[in-house]
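Chemist: Here is what each chain is made of, one letter per residue.
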Amino acid sequence: MLQLLVGQTLNGVIVGTLYGIIALGVTLTFGITGIVNFALGEFMMIGAYVTWYLFDVAGLPYPVAIFPATAIAAGCGFVADQLLFRFTRNNLINGLLVSIGLISIIEAAALLLWTTTPKDMGYVLSGAVRLGGVSVPKMKLVVFALLAAVMFLTYAALSRTWIGRAAYAYSQNPEAAMLMGVRTEVLQSGVVVYSTALAGFGGALYASLYSLEPAMGGLYILKGIEAAILGGIGSLIGALAGGIILGVTEAVGSIYLPGAFRDAYGLIFVVAILLYQPSGLFGAER
Amino acid sequence: MKALLWLPLLIFPALIQSNFILTIFTFSFILAIAAVSFNLIFGFTGQLSMFHAAAFGIAAYITSLTASIFHVSFWVGLVPAICFTILISLIIGSICFKFKLRAFYFAVVTLAFSELARLVILNWNSVTNGTLGLMVLDKPFLWVPVTGLTKIDGVFGWYFFSLAALIFTVAACSLVLRSWIGRCFAAIRLNEDLAQTLGINIFRYKLLSFTLANTLAAIAGSLYAFYTGYIEPNYLSINQSLDIISMVLLGGRSSIIGPIAGAFVLTGLPHVINLSGEARAILYGLVLILTILVLPQGMIGTLASWRRAA
Amino acid sequence: MLLEVIELTKRFGGLTAVSDVSLSIAAGEIVGIFGPNGSGKTTLLNLITGILAPSAGRILWKTVDIHGHSPNAIAAAGIVKTFQNPQLFLELSIYDNVAIASHLRLRRRLGVRRVAELLPWRDSARHAEMAQRIDGILALCRLEGVRDRTAASLSYGQEKMLGVAMAMMCEPELLLLDEPASGLGEDEIRTLEEVLRDLRDSGTTLCIIDHKVDFLARITDRAIALQQGSVIAEGVPAKVLRHPRVVEAYLGRQHARA
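Residue numbers (this note's numbering), protein chains in the order written: chain A, 1 to 286; chain B, 1 to 310; chain C, 1 to 258.
One should not assume that every hint holds.
What the hints assert, rightly or not - Output of the computed footprint for chain B on chain C, the stretches with three or more beta carbons under 8 Å from beta carbons of chain B:
1) 80–88
2) 100–107
3) 190–200
To be verified - Within a straight-line C-alpha distance of at most 20 Å, the following computed SDA-like cross-link-like pairs (lysine to any residue) qualify:
4) Lys100(B) to Ala73(C)
5) Lys98(B) to Pro278(A)
6) Lys100(B) to Leu52(C)
7) Lys98(B) to Ser279(A)
8) Lys98(B) to Val186(A)
9) Lys98(B) to His69(C)
10) Lys98(B) to Ala73(C)
11) Lys98(B) to Tyr276(A)
12) Lys151(B) to Lys98(B)
13) Lys100(B) to Val271(A)
14) Lys100(B) to Ile273(A)
15) Lys100(B) to Pro278(A)
16) Lys98(B) to Leu275(A)
17) Lys98(B) to Tyr256(A)
18) Lys212(C) to Arg197(C)
19) Lys100(B) to His69(C)
20) Lys98(B) to Pro137(A)
21) Lys212(C) to Glu173(C)
22) Lys100(B) to Gly34(A)
23) Lys100(B) to Ile268(A)
As the list claims (entries may be wrong) - Here are a few chain B residues that sit away from chain C, every Cβ distance over 10 Å (derived from the structure):
24) Ser68
25) Ser94
26) Ser179
27) Arg183
28) Leu190
29) Asn191
30) Asn201
Treat the hints as calculated values from the structure; they're not laboratory data. Owing to the predicted nature of the structure, the values given are computational and were not obtained by experimental measurement. Idealized CB from N, CA, C, for every residue including glycine.
Could you build the full structure based on these sequences and the hints that come with them?
Modeler: This is the structure in structure tokens:
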């Protein structure tokens, strides 16, 4: 029983970091542009499918395949930003609705290209490690380490460099930031592109562990938003923490409650947090 | 005067003999009820609710299940459906509006409740039959002059029945929106802080708008279930909510009848142009994006402003 | 005594915006509250109208404690304010702006019977009655000519007047004006003074918050001076303006000593 618990907890942590990378994208975009890019899940899917294609079909080694996949996801994000989000900068509801429209388009395109048949990548890294009495596949640890590293690097970059300060200033007072010379248009585009890159990277790593299908985008953006709200919108650490808490709750919950409840935890968290601690577990008053 | 606009629709079946077209119109009428009611909370009160499809779907299930389990008519089945919709709207609305959730958070919380409802229906196999859905074999009965108690079955019956329901919905919305209640909705949409200072109880009127919108959606859902003869958990999906949002945006959110136009276009188009499921999804996505970026007032709104400018 | 504020305090974290303020306003008065920027005038206003909750103290309106009540309940009780930066329903016409403000009036006149107003055949009767009332208020605020124009098309001075018109449509017993004269030219200020006197003559008690001391001196019966959240002087305007602490607050210590 204890083994099951430990095993599920570890699983939950790893899935949680995947939730966390999306949550990071959500929190960054919302914090700086005020819009939630509901289509982030689709960019994760793009990263995943491109990685699968490059690795399984084109035969590139996995570490090499990740980079073009992330780049392509980010490129698509850039296109979406220039064609769509650029025109909804000041209107939050419109930005939200536009991103929702984007979901339909990207998901349908993926269905046309790859159909609903799940795609599985071959083994990237085989072998397992014993951790806490449980056998954990090495690849899962690698994924966890990479995602956590990227998230901490992002946090460090934003809190220590001038880009970060500019972004923070903008999120506090857009007009003042603009007057002080912060290139706001570049900042907004940059955030959108960076968050899609994060999502694409997450997708590339996701592909090494799980099977792919076009519906994964919709699932992950919902989890990402739940994790971001749980951790506190605007808090980068909160994104990772929220993701892990959600992942672990779902994984451990599945031991005691039927699988049908899996998706309910996140939804209940959201409602509860927004009612009792709207700034999230780690967030500050925005 | 505006009542004359309905005349063409009333005599339409006499002119067009095609069952196929009349069926599309019937579907459009029913979905238009969902769209017009969504516009109450979205276009007129300015709140983006993602719970509309849930209201649509939950009522579909309750009406059908009540009718089949207790062997009662559609109308009797409609009663618990509407009562439940009002109750759940008051609860969810109270939660959201008491805590003064704004824009994005209101959308997320209503989405959360909508998804929870969908999961309940999806997994409560003993009652709802889960993903397999349920067949609805009954049809409503209506007392009509000349023929007496008639079964609403067949193309003509459903055409006029759903058209009558749509006219009722539009009339109800019109009464509400032209009164002081409509002014309160507009005030909340345009400047909530000012509205409060002028004595408008924001909580009460948002709750009223949300409840009324969901109740009318419940009627639409029940009609839809009995018309198609089949219900499934996808009635409550986010995609269904998005379809309705697209209809409203396409048709125009500043008028009561705008969403009707949107419903007709989006319901009819995939049949006129034979599209695969994926192509339809792409179409809807494009419609959503293009209306926001290019045609923010929707079709009817844009026409109205051309007329004003002329 | 219409309004009594008793030892009202508001703290924002470490900052005390309003400190132990006590004042009272009697029916029929025009009271002025003034002070330099940051003296807590707007915070005081927001406390009275329910937008902020006090940290300590009480607010008595016709001897009933109203602190903690919601803004719309306080408006319904008879206290209405105007905004320093005019808040309007920009997309709508002037007429519609004032029509929305008739909400409280309709509620007071009809109560629950308002529901009957939903019936379609009540339309024309209702519109005629409301139109008459709205035109009356617009005339009072010197806005007759612009009835059908959009609120967004008004000049700044007209926007402020529209704010007053909407507040008046709520039939307040006490009208609180937040810096009504700021941003107005001399002519417009004269017009404003005329309108305010007309309002008082028709039975509304006024409380004006501003920092234009000459405007306040001309229009108010009684003045209250605030500085850094506390009352430093109170009385007839001419005397208050010469009060050493007031002079010091506005012009600095040197002038006060002189």
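Chemist: For every hint, state whether the structure bears it out.
Modeler: Hints, verified against the model:
Check on the segment 80–88 of chain C: 5 of its residues sit with their Cβ under 8 Å from a Cβ of chain B, so the three-residue criterion for coverage holds. Against chain B, the segment 100–107 of chain C contributes 7 residues with a C-beta closer than 8 Å to a partner C-beta. That satisfies the three-residue criterion, and the hint holds. Here the segment 190–200 of chain C counts 0 residues with a CB under 8 Å from a CB of chain B, which misses the bar of 3, and the coverage is violated. Between Lys100(B) and Ala73(C), the direct Cα distance comes to roughly 17 Å. Compliance with the 20 Å bound is thereby established for this hinted pair.
Only pairs whose Cα atoms come within 20 Å are accepted, and Lys98(B) paired with Pro278(A) is accepted, the gap being roughly 13 Å. Of the supplied pair hints, the one linking Lys100(B) and Leu52(C) holds, its CA atoms being roughly 15 Å apart against a limit of 20 Å. Using a Cα cut-off of 20 Å, the hinted pair Lys98(B) and Ser279(A) holds, with the two alpha carbons roughly 17 Å apart. Our distance criterion of 20 Å between C-alpha atoms is broken by Lys98(B) and Val186(A), whose separation comes to about 38 Å.
With a CA separation close to 14 Å, the supplied pair Lys98(B) and His69(C) stays within the 20 Å bound. Distance restraint check for Lys98(B) and Ala73(C): the Cα-Cα separation of roughly 15 Å lies within the 20 Å cut-off, and the hinted pair is therefore satisfied. Among the hinted pairs, Lys98(B) with Tyr276(A) is consistent with the structure: their alpha-carbon atoms are about 12 Å apart, no more than 20 Å. For the suggested pair Lys151(B) and Lys98(B), the alpha carbons sit about 45 Å apart, so the restraint of at most 20 Å is broken.
Proximity of Lys100(B) to Val271(A) is assessed by CA-CA distance (about 13 Å); at most 20 Å being required, the pair is judged to hold. Of the supplied pair hints, the one linking Lys100(B) and Ile273(A) holds, its CA atoms being roughly 14 Å apart against a limit of 20 Å. Distance restraint check for Lys100(B) and Pro278(A): the Cα-Cα separation of roughly 11 Å lies within the 20 Å cut-off, and the hinted pair is therefore satisfied. For the given pair, Lys98(B) sits about 9 Å from Leu275(A) by alpha-carbon distance, which is consistent with the 20 Å threshold.
Restraint check: the Cα-Cα separation between Lys98(B) and Tyr256(A) comes to about 34 Å, which exceeds 20 Å; the hinted pair is violated. Among the hinted pairs, Lys212(C) with Arg197(C) is consistent with the structure: their alpha-carbon atoms are about 17 Å apart, no more than 20 Å. Of the pairs offered as hints, the one joining Lys100(B) and His69(C) holds, with about 16 Å between alpha carbons and a cut-off of 20 Å not exceeded. With a C-alpha separation of about 47 Å, the suggested pairing of Lys98(B) with Pro137(A) is violated against the 20 Å cut-off.
Note on Lys212(C) and Glu173(C): the hinted pairing is violated, with a Cα-Cα distance of about 24 Å set against a maximum of 20 Å. The suggested pairing of Lys100(B) with Gly34(A) holds, with an alpha-carbon distance near 18 Å, which does not exceed 20 Å. Our distance criterion of 20 Å between C-alpha atoms is met by Lys100(B) and Ile268(A), whose separation comes to about 18 Å. For Ser68(B), the shortest C-beta to C-beta distance to chain C comes to about 36 Å, beyond the 10 Å cut-off, and the non-interface label holds.
Distance to chain C confirms Ser94(B) as a non-interface residue, since its nearest Cβ pair spans about 15 Å, more than 10 Å. Not every CB of chain C lies more than 10 Å from the CB of Ser179(B), the least distance being 5 Å, so the non-interface label is violated. A beta-carbon of chain C is positioned within 10 Å of the beta-carbon of Arg183(B); the least distance is around 5 Å. Distance to chain C contradicts Leu190(B) as a non-interface residue, since its nearest Cβ pair spans about 4 Å, not more than 10 Å.
Not every CB of chain C is more than 10 Å from the CB of Asn191(B) (nearest about 6 Å), against its label as outside the interface. The beta carbon of Asn201(B) is not kept farther than 10 Å from every beta carbon of chain C, the shortest such distance being approximately 5 Å.
Going through the hint list in order, the structure does not satisfy hints 3, 8, 12, 17, 20, 21, 26, 27, 28, 29, 30.
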